[in-house]
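2 protein chains.
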Amino acid sequence: MRLLEERIKKDGVIKGNDILKVDSFLNHQIDPFLADEMGKEFFRLFKDENVDKILTIEASGIAVAILTAKYFGKPLVFAKKSRTSNLSNEVWTAKAFSFTHNVENTVMVSKQYLGKGERVLLIDDFLANGCALRALRDIVLQAGGIPVGAGIVIEKAFQPGGDELRKEGLRIESLARISAMSEENGVEFC
Amino acid sequence: MRLLEERIKKDGVIKGNDILKVDSFLNHQIDPFLADEMGKEFFRLFKDENVDKILTIEASGIAVAILTAKYFGKPLVFAKKSRTSNLSNEVWTAKAFSFTHNVENTVMVSKQYLGKGERVLLIDDFLANGCALRALRDIVLQAGGIPVGAGIVIEKAFQPGGDELRKEGLRIESLARISAMSEENGVEFC
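Here the protein sequences line up with chains X and V, keeping their order. If you're matching positions, the first sequence starts at -10 in the working numbering and goes up one per residue. If you're matching positions, the second sequence starts at -10 in the working numbering and goes up one per residue.
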């Protein structure tokens, strides 16, 4: 998606060889026009998949995911990372190691919001090692649902998550795929 | 907002005398149509305030806040609850006790995304004791910005937060104000 690639080139900040900070427009401050365009693009890519539900994970996936859900006219469910007093005891869970926070999260979705046979589109802002996306996919499978695909904003294609999950049969559409990046040379897209 | 009040009556679940579960349409599963209508309503209420930026707090405020930001055509910033490796060291912070999670959070916003003189609209899903909203307001004040008001989805008007913050001069517009609730009698609105 050219609009996103241009924005990454313009406003993304690279630290070392694997940290890309996009918190000026994606995961701390969010540009609602860009987020809406991304929701529209995910709808275009997956509109023939008879999607029943959108699933993302808190927190930074929620903005793009609700706009995607709006184009589909289907509910968004966001997986939670910690047990709260408001969450039912009846939850689907999966483990996901977060490299950003350097902690293993238990990712949870209340059983009443994912049902058998439901066709679920996964949405997340980043795909690198694939831990979060794998957890979302596994939760859908536990629920007896069908993960019809994953819409990712930025894929670090030089890390293994995307290719591993594609080999396991998951359709992944990434709006920007980064093949290499460095402080010296900036970002290169696939 | 009648649409929201009707949805609370239909799908809200009351536990004891002060827990209202709305996770089927607001804070775990989210109805994108309802969320969009709420964004539109916040725009109608605050459109004359020359809003520069929308500020919310992760995670469940983000969906309504990005749709509000879309109507204003202005960026959304979401405050974070924990320090991550992706967050700059230069942050505005405030403490907020979360009764939902029974923990004191440090709420943080990167200094580069809130500036002096900016007119900031606060958005959150719930207002009860007012801790989260107070933290957001204080962060805007620290940054030298102007908190022009707060758009709240559900206010528990029988708890003190809303009245206290109004007395301190904050304009608060709540789409549903609950005057009383119980398992026996359901929800009553102001």
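It should be emphasised that the hints constitute simulated quantities derived from the structure, not laboratory data. One should not assume that every hint holds.
Each pair may be met inside one copy or between any two copies, as identical chains are not told apart.
As the list claims (entries may be wrong) - In silico lysine-lysine, DSS-like type, Cα no more than 30 Å apart, as pairs:
1) Lys36 <-> Lys4
2) Lys63 <-> Lys29
3) Lys4 <-> Lys105
4) Lys(-1) <-> Lys100
5) Lys10 <-> Lys(-1)
Tell me, which hint numbers fail for this structure? 1
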